Structures are given as structure tokens and as C-alpha cells.
Amino acid sequence: MMNKTALFIPCSVNLLLPWIGEAVDRVLKRLDVVSVYPDRQTCCGQMVYNKGFFNEARSFATHFLDVFESFDAVVCPSGSCTAMVKHRYPSLFDDDPKMKQRALDMAGRVFEFSQYLVDVLGVTDTGASFSGKVAYHDSCHLSRDLGVSLQPRTLIRAAQGTELVVLNNGDQCCGFGGEFSVSYPDISTAMVSAKAQSYLDSGADLLVVGEPGCLLNIGTYLEKNHPGKQVLHIAEFLDCQGGENGR
Amino acid sequence: MDVKTQSYVTEAKKEMASPASRTFLDFFLPVLSAVREIGMTSFPDPAAAVERARAIRRSSVDRLGELLETFERNAVKAGARVFWAENAHEANIYIRDLVNRHRIPYVTKGKSMITEELGLNEVLKKNQTPVYETDLGEFIIQLLEKPPFHIIGPAINIPTDEISRVFMEKAGMDSASTDPVVLGQAARNFLRDKFRHMRLGITGVNMAVAETGSILNVENEGNIRFNKSAPGIQVSVMSLEKIVPNLDDALHMTRMLCRNGTGQKLTSYVTLDTGPRKQGEKDGPEELHIIILDNGRSRIYDDIKTREVLQCIRCGACINVCPVFRQIGGYPYGWAYTGPIGKLLNPLLLGLDRTRDLYGACTLCKACKTVCPAGIDHPSMILYLRNKNLAADPVLQGEGSTFAERLMSKTAAFAATRPRTWNTAARLGSFLASKLGPCHPLVSAWTLKRTFPSLPPKTYRDLRKHP
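These protein sequence lines map, in sequence, to chains C and L. Going by the numbering used here, the first sequence opens with residue 1, and the numbers climb by one from there. Going by the numbering used here, the second sequence opens with residue 1, and the numbers climb by one from there.
Do not take every clue at face value.
[To be verified] Distance ranges between label pairs, derived from CB positions: (1) Pro457/L - Val36/C: 21 to 27 Å; (2) Ala47/L - Asp94/C: 34 to 40 Å; (3) Ser298/L - Leu31/C: 42 to 48 Å.
[What the hints assert, rightly or not] Quick partial rundown of chain C residues pointing at chain L, CB under 7 Å, derived from the structure: (4) Asn14; (5) Val48; (6) Phe93; (7) Cys140; (8) Arg144; (9) Cys173; (10) Thr220.
[As the list claims (entries may be wrong)] Which stretches of chain C does chain L cover? Using the computed rule of at least three CB atoms under 8 Å from a CB of chain L, they are: (11) 32-44; (12) 50-57; (13) 159-167; (14) 176-185; (15) 221-230.
Worth flagging that the hints you see were computed from the coordinates, not collected in a lab. All of these numbers come straight from a predicted model, not from anything done at the bench. Cβ coordinates follow ideal geometry from the N, Cα and C atoms, glycine included.
For reference, chain L alone in the conformation it holds in the complex (with noise of 0.2 Å):
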């Protein structure tokens, strides 16, 4: 997909004046936080829950290559065939040749970020074969051409009647209807047909378990079942970061995974599969192929302090609970992830200089850190990543800082192990400031909806001197 990382700010204001936006981040992201909590409550002891999912992630991680061997190992024994993908490149023309191979005639989909971070529908466009994305939101945004708007939730700020517009045009939708249930089976009508002739599915992974070889994956629509179990051949796609070590660990973070992306206590659909169809079985593809992604997640890895995000399962309680995002909206990220850990996994993935806006609007105010289940500490990398930035770190290519940036930061800190220079230095400053005009960008900035506030005629300093 394109990167549109660099229009943040304009996109940003955009919806934020967009009203059908404001309706749903005003109601529907604290209500999303709010059921994520009373599903939190479900466990008999919530906090050490958390604790425990957050070891388990932290120890994947830390264990990634031998875990990754290990589920290879296992899943080939079971019959699946794993591909190792260096980036986005490599993986797309495996499954685009393997779609030339087997002539298939068309592809379908189960909803994953990491295709949208591979742009694989384009890829499969150029190649002329059609894609059709089978989870309804992702479905949606496919006919309307737009990105997804939240990591869980691709379509859900679309108004229904620009639903309804975009099926009547696009997917044989016969007359004009905002009734959800209506909507839902003109997609089913549209869908099944897709489904009944499927000779290739393709699909996210949300966990991949070691121990077994098998792949896991959640859903409440039940057409990432279908993509797994119908086809006669299935594409699953994993980010290397999905590994748990066992089917215990696999189980727990599947509760933790339903309970902080929707509330629930588990999805409507839980499908658990290991290897391709075996003899005398009744269903499941007659070849699994499962390619794991790197995509600059070896470089992630090798710096300890970023890789933590690694241990992220996308459950998009960050995103939620965000109140930047809460005024935004997923659009301004300008790529495959959104809210807090878009902040982190889009400049990590794409590089410091083009994503500046991503770490540099965060206020820090830690409550993607206080929710997230998986233990990432999203304000100390975004901190992380400010400081590469300006160092021009040439591994995460960070942009350096300008001449004005070092001036002040070299002055203050000389200033602040000399209390009379920075006591003259902090009085001049904010002196200064006072009489700067209106117009003065950072005067126009604060005062876009504040008052100035008017300099005192005595610091404290100077009022418990002189009292």
C-alpha cells in the first residue's frame, strides 16, 4: 500500500472537521475501552493475567530464532510448506507465482494488516488477478478504495449509506438500504459465491505455535474459516513476531487477544490448524503454504531497545484508549498500522525521516503503555525513536537535527548547571516570548483556541527572595 506517512497533519485536520469521524471516535472508541475492561474483569485475577501474557510475550520474543526453527520443524513435519520472506518483495511473488502456477482464477482474503503492509492486493492487481476480501470490513474499504481506518476495525467509521451507495454500485446490492442486516446479506450473497468456487485462500496468522506447528487465528465473521478450510490451497502470512512457544501460551494470549481487541471472552470463530488436510479428513486445503515475514524485523530484534514492539498481537487496545487517535482517526498514519503502535511499527519499518510526525505527535501520556497486554512501553520507544532521529542513527535513518535544535538544547543544558545564567537566560526567554506578535508562528499556535498567558511581574524565585 502507499505511504502516505508524510501528509499527517493535513490529513489529521481533514478528519477532524469530517463529522461521520467524529461520531464514531466521540462514541465508539471509549465505548470499544469500556467493553475491553468489563471483558478484562472475566478473568478471575485480571492483573495477573496481564503479568502473565506480558511474560509470555517478552520471552517469545527474546526466544525468536530458536522458536521460529522450532515451528518450522514441526510445521513441515505436519506437511505445511514454510517460506521464509526477507521483505515485502520476496513474499509477494511466492504467492504470486504460485497463483500462476496452480492458474487460479481469482484469490480470496481473511482481513490481515500484514498483506496491507506487503501491498499485496496491488501486487495480485498488476498480475490480473482478482482479490476479494472476505471480512466485511475489509470488503467494504476494498470497493471503496480506502486504507483501514483501525488495525481491528478497518471500515467502521463508513457511514451506512456510503455503504449502501458502494454495494448498489459495486457488488450487486439491488436497491438502497442502511438497515446493517440488509448490508450484511448483500455482502454474503455477493460473497458466497466467491467461496463456493475459492481455489485459493489467503490469510493472517495470529499466533503460530512452536511446539505444534499449528497456526491460530481469531475472527467473529467466520470467512477466514472458510479461506482456511475450503480451498485447496492456503497462503497464511506471518510477521516472524506472531511465534508463542506451546498451545498453553497459545491459549492464553487467544483471552487476551479477544478481551482487549472487542471485549469478548473469545471470538465467534477459533480455528486452530496444524499441516494441510490429512488422510480420510473431510476438509482443509490439500497444501498449506505459510510464509514467514521478516520485512526489517531482524533489524528490529537486533536493537534490544526496540524490540519490544515485537511483542505487540495487535488487539488495537493502544489504538483505543489513544486521545490523539481519539481526535484523528486512523487515516493520518499513512500505512498499514494505526494509533500508538503505528507510532512505533511505521517509522520502524519504513525508516525516522519519512515518519516523523508518527513519534513526534504523542503528548506521552502512557495509556497505550497502562493497556497494552503485551507489555510495550510505547512512550519510552517513541522517546527512543526522537532521539535516533536526531542523532541521523543511518541504521533506522534518522533525519538529524537542525542547527537552531542544537543551539537551544547545547545552551540550555550549559545553562542548566549555571543557576544564574539559566535564572537570566529563563527571564530574558520568557521576556522575549511575552512580546512576541501574534503572529509569531508559536504564538498563532498556542492562541489558535488559548488566551497568551501574561508574564507575571515576579518569578518565585524572586518572591521568596524578597518577599
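Only chain C is shown next, with the shape it has when bound in the complex (with noise of 0.2 Å):
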């Protein structure tokens, strides 16, 4: 085991969606993990980078620096927070070598959750069990960004009584993109009803995902459209036990 991690809780999940953090805490813990949460820590400044606003970034990538940079591994819930930590901080710092040193160590132990569960710990199995068919989203992100798309399905599968079943364009993105749902609603809604029929096209009794943008996005749609479809994210999903979600 790691000596100290670290959470890195992102925005969207401290204000609105805090059972996700508690999730990720009580599978940590099953799994013996200890963590801790550094009461500094703010934001990792996607929303003005992806604004274009690269100057007012670099203020959000110091901060992280500050907080982060003395921990052997960082843990976050989110595929966008943990590849703007980990590909675009070192892209902030061109005309700063020693900035751009200190984000380029930290890129190499942040983690996003299920890929620190699988890859750093080398858990597959942590003890959840759902009974059902779970389809999986692959969050743009987390699949193209950071590469991370077999490993929260390996999770999906150790669960007990667990069938994951395949949803087509399931790498296709949500329609989210922060800035982007509100920006251009009409686009961004007929992009997440394509997703949302692809979920019911597959015959799953759940879907799972990790980030926190798309249950958003996927789940405000849902719960407007088609109600009692459920969407989880992988954190609330492995805290599943016994089939009921942990919230």
C-alpha cells in the first residue's frame, strides 16, 4: 500500500453530488486504503481552460501544485479533472521549466479512481455486488485522454451477480462538455438522447460512469425522459451491496 494518498474531490461532486465523494470514501476503506482529504484544495481550473482563459489556469494548476505535490498518489472520481491535472498543466508551463518540472512529476501519480483501484492497488474485485445487467459509458476523457476504459469494466465484472453488457457508441461523447450543455442545449440534448437510447437499447438494468459531467448530463435527461432509468457512478457502483446503491 501507498504511503499517502490523496482525494482530490472535483467541484461538481463537492457541491452537488457529494454521495459520489462518500462512495469513493467507504470502497476505500473496505479496501484498507487510507486517505486523506487536503482541506486546501480548490479546483483544477477546467472551466477557464476550457474557456480559453490559459493565464487564469495557471493561478488553479499553482494551487494545485501547492497542495498536492507532497503526496505519493492523488485519487479523483473524475476522467476531466484528472486529465487536466495530468496532460494539461505540463502544456501551461512552456515558458516556465521549473513549473513545468513540478507538473510533470505530479502528472505521474495522479490517478483517477478506478484506474488507481486496478493499476496502483491491483484490485479487481472489491467486493460489490449489483444483480443485473450494467452497461458501461465511456466518458471522453477517461477513455481517449487518459487511456482508461478496461479497467472500471474489470471492476463492472468482479461485482457479484454482475452482467456487463455492451452499449452501442458507448465511447460516443454524452453531449456535456461543461460550458458546452448550456452553450449549445439544442446539440447537447440530441446528443444525450442518442446516448440515453443507446442505454435503453441495451437491455441494461444500470448505467455506469465515471464522471461526474456525464451523470449529470445523462441523469438530469433521464430522469426528465425516461424515469426510473438509473445511472451510477463507478465510485457509487462498487459501493453497491446487496443490489441497493449506497446514497
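Put the complex together from the two separate chains, hints included.
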């Protein structure tokens, strides 16, 4: 087990979906991982960066490094926040070799939640159980930016009573894209409706995602248009013991 | 062609509501992506083939100036006339004057996006010179007076009954039919006559080979071959990035282009020709004019961050996988290039100020970058364009940021390094957002087809500190 593992909780989880953070805590505890929640953490800065405010994003990056670089591993239940730290931070400091080096050092130690469980801890069976069919949506930043798509599937398959089924166009974007979802609502909702259709077609009882943004987007779409169809974050899914999620 | 990039949002809505477009988008684009994937597996080592292609394109663009000069030297040595056009106007005037000098009654054209970029058809029309598009798709949209929907399938979204109607009206077809064979025959009958008497043919260029001065075109209909071999005068227009160093590289890129475009190992026709007809040769033009078009590309080249876009080989793979394109189709992009590559090329060539939605309407999902055989990182460049737009970049014609945008980003950056301020502001911000009425534009945009998320009583942070 690693010495010092820190949790980095995305803003969306902190403010809107705190139960995902709690699920992360419980799953890690079940696996005997001692995690720290550094109190001074704020935000990865993805919102301002994706808008094009690179200078402002540097403030976020600098603060993140100050808070987290003393840890051996940083775990985050979001692919896009992880990718921001891992891939975008180094590129923000092309003109500052010292900061770039700090960002690069950090890049090797930040992990998305499922990636951390499988690749770092070597865990496949988390002791979760859920009886039914589960489909997994490959979030863009997880699958294409971080290359994480086998890890969550491995964890889902290992859950007791769970059958992993195929989601058509499973790696196609759900249409969230942060500000995109409100700047281009017609396109965004057309995209999420295509995603929901794939879920319905898959025959799954539950959709699992690794990205809080996708969860908000798909979840609120389903709630309005297909009430009863459930979507859970991978941490919530792994927290399930006996079919009922751990909310 | 007209620039309609500013009506992106309204065009997108229109397309999403069109049943004909929907059928095509929902069914055909995934198929195109799938045949591409199958095509790629026919390489002994697909990953290595992609790596090699990306390396070829990177080095071709890095050596652009030198390779273009070599190309010119060798093309001229083979008897071609090379004209460097700094902008669309110079290229159009060159072609118009050539047509007038030789008293050409009409011109025929092979499909080329570059002449769409030039707006050549409009110029020739004004010159009273009839233009016949000879690619079936281009022929259809020319008759319908529609812009291209997709760079490799310009009319791929047009239903057969609409084609039948316009063929009867404008292409001499006798009776209505939605049979593709009958429609194809009608176009063939109409165009054969134009081919028979053609005197000047205009085509684009897929690759210009520096080492030999040759030009290479890929196609599936044989009409480009006609345009390059039958008329007395051949005009080949290339944007300056179409250069590759040698034949070996050209052939590798051809394999890559065909597989990525249509899933074919090779298209039905590939023409590689060097100079005009030589003595004793049976066919080929007496005059070959090669126009090398800049039209803003030197400026793109000068910026090391945007230079990468010149690596594009116009295969269309990025377009077929784009989840936004899969919803809205090609028209909203409003100019010659569509899909992810259009999100880059149109703004870079037209200016950031009138193409905001092109680099704005992207979720940064990276599907385009993942498939690109030329090694373009579209999402990173989209972010760069957003950054340059906010910074009111004079070269790229950025608009600058609004006061509200500056206030938000500066405040956020200030709070980001001050955890207490951050937490208070975030809590307050989300509380206020939860109290916004359903009429607020942000709320109504989200709740168009979604519920509004409710604000939990405690943040994770609070729960962790006081469980």
C-alpha cells in the first residue's frame, strides 16, 4: 500500500453530488486504503481553461501543485479533472521550466479512481455486488485522454451478480462538454438523447459512468424523459452491496 | 462561396429537425466510421502505418518551403506551368484569363474542396463561362444549388427523389426514378457529352510529389481521370500543404487516405501524372497549369501552434466520428470545410471573429484526434483558437473577451488560490444558481430536456469534516 494517498474531489462532486465522494471514501476504506482529504484544495481550473483563459488556469494549476505535490498518489473520481492535471498542467508552463517540471512530476502521480484501484492497488474485486445487467459509458476524457476503459469494466465484471452488457457507440460523447451543455443546448440534448437511446437499447438495468459531468447530463436527461432508468458513478456502483446503491 | 459561418446555430437546429438528414446521419456516419476501422486492419501493422503517416505529414509541413520549391522545379522541368497564387482572387483571375485567352466555351471540373474555397464557379459564372461539375455528388449539388454536405460526400445526404426531380428539371432525364442505377445513367448521359467536347478541365490535387513534380488524385468515378487526360488544357489547383517529399511517401499517404476516407484499400481510380503530354504519348493535356494556393496558409504556417492543421489530407475520418457532426451534419459549418477540420480551417482562413460557434461548439471529446491519420490534435488547437479569440489576437482576428467573462475568470483565478474564499464563493454561487428561476437562460438551456439538479444540504467537504 502506498504511504500517502490524497483525494481530489471535483467541484461538481463537492457541491452537487457529494454522495459520490462518500462512496469513494467507503470503497477505499473497504480496501484498507487510508486517504487524506487536503483541506486547502479548490478546483483544477478546467472551466476557465476550456473557455480559453490559459493565464487564469495557471493560478489553479499552481495552487493544485502547492496542495498536492507532497502526496505519493492523488485520486480523483473524475476523468476530466484527472486529465486536466495530468495532461494540461504541463502544457500550461511551456515558458517556465521549473513549474513545468513540477507539473510533470505531479502528472505521474495523479489517478482517476478506477485507474487507481486497478493499476495502482492491483484490485479487481472490490467486494461490490449488484444483481442485474450493467452497461458502461466510456467518458471521453477517461477513455481517450487517459486511456482508461478496461479498468472500470474489470471492476464492474468482478461485482457479484453483475453482467456487463455492450453499449452501442459506448465511447461516443454524451454531449455534456461543460459550458457546451448550456451554450448549445439543442445539440447537447440531441447528443444525450442518443446516449440514452443506446442505454435503453442495451437492455441494461443500470448505466455506470466514471465522470461526474456525464452523470449529471445523462442522469437529469433520464430523470425527465425516462424516469426510473438509473445511472450511477463507478464509485457508487462499487459501493453497492446487495443491489441497493449506497446513497 | 458565401460565408455562412454565423448562422451555425440556426442551421444546426434546422438540420436536426430534418428527417432526411437524420436518416443519413444516424445510419451512414457510423457505417463510414466502421468501414474505416475495417479498412485500417488491412495494414499488417495498423498502428505503425498511422505513425508513419503522421511522421510523413509532420515532416512534409516542417519542410514546406523547400519541398514546394523542389516540386516547382521538377514540375516545370516536366513541362508544367506553375503559378503561385497568394489569394483566391489571384487564382480565380488566372483561371478566368486562361479561359478567355483560349476562348473556352465551357469548363469541366473534378471534385475539389479547394475550388469551393476559391469560389471559382461564381467567378466563371460571372464570366459567362458555364461550369460542369463532373463528380456525381458535386453535379447533384450544383444543380440543386446547395453547398457540400461533407468533404468526401458532398451530396451524400440528398434523398433520391430530390435527385430525380432536379435531374428531370435540369439534366434531361425523361421520367422520374429513384433507382440509383437509372440516376447514375442519367448523369452519365448528360456528362459524357461534356467530356466529349471538353477543352479545359479543372481538378484539385490530393498529393503533389516534390521529388518528381507529379500530381496524384484519388477518386471512384473516373471523372478526374477524364479531366486530367482528355482536354487540351488541364488546370490543377492545390493548397500549398498538399506536398509530400517523394513517391514512397505519396503512396503510403494514398493508402492512408483511401482507407480513412471510404475504407477502401485503394480507390477505383488513382492518377499520377507528371507534366503535360509528351511527344509520342497518346493522351494527356497539351498544357498543364498547376496553381499553388496560399490564401492565408503562410500565416497559419508562421504560428507554430496552428501549423499542424496543414498536415490534413482531407480524408474526412474526423468528420465521420465527430459526435457534433453526427447531430448537425455539414451545412452549419457555413463554408468549404466541415466537421472537426472545418472547426479549425474555417476560423483560421476566415478569421476568429465570424466563426465563433465553430470552435465554440465542441465538447473536446477527442474522437477526431484519435482517428486522424495526419497527426492533428484538433481539441488542443480549438482551445488555442478560443484563447486567441479572448486575447483579441490581431493576426487571427480575435474578438476579445467581454467584461463579464474577464470578471468571472479573474475572480475565479483569485479565489482558486484562497481556499476559504473559494469555498464561500462556490457555495454561494451554487446556492444562487439553484434559486435562479426557470426563465433564466442558463437554467432554460439546461432544462430544455433535462431536470435541474437539486442542491444537496451539505457539500462533500462539510460531510467529510463533520460526518
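Here is what the structure says about each hint:
1. Pro457/L - Val36/C: 21 to 27 Å: holds (25 Å)
2. Ala47/L - Asp94/C: 34 to 40 Å: violated (28 Å)
3. Ser298/L - Leu31/C: 42 to 48 Å: Since the Cβ atoms of Ser298/L and Leu31/C sit about 57 Å apart, the hinted range of 42 to 48 Å is violated.
4. Asn14: Constraint on Asn14/C satisfied, holds at 5 Å.
5. Val48: holds (5 Å)
6. Phe93: Not OK, violated: Phe93/C not within 7 Å of chain L, min 15 Å.
7. Cys140: Holds, about 4 Å.
8. Arg144: holds (4 Å)
9. Cys173: Holds - the Cβ of Cys173/C comes within 7 Å of chain L, reaching about 4 Å at its closest.
10. Thr220: At 4 Å from the nearest chain L Cβ, Thr220/C passes the 7 Å test, so the hint holds.
11. 32-44: holds (count 6)
12. 50-57: holds (count 8)
13. 159-167: Violated, because only 0 residues of the segment 159-167 of chain C bring their Cβ atoms closer than 8 Å to Cβ atoms of chain L.
14. 176-185: Answer holds; 9 residues pass the 8 Å Cβ test.
15. 221-230: Check passed, 4 qualifying residues.
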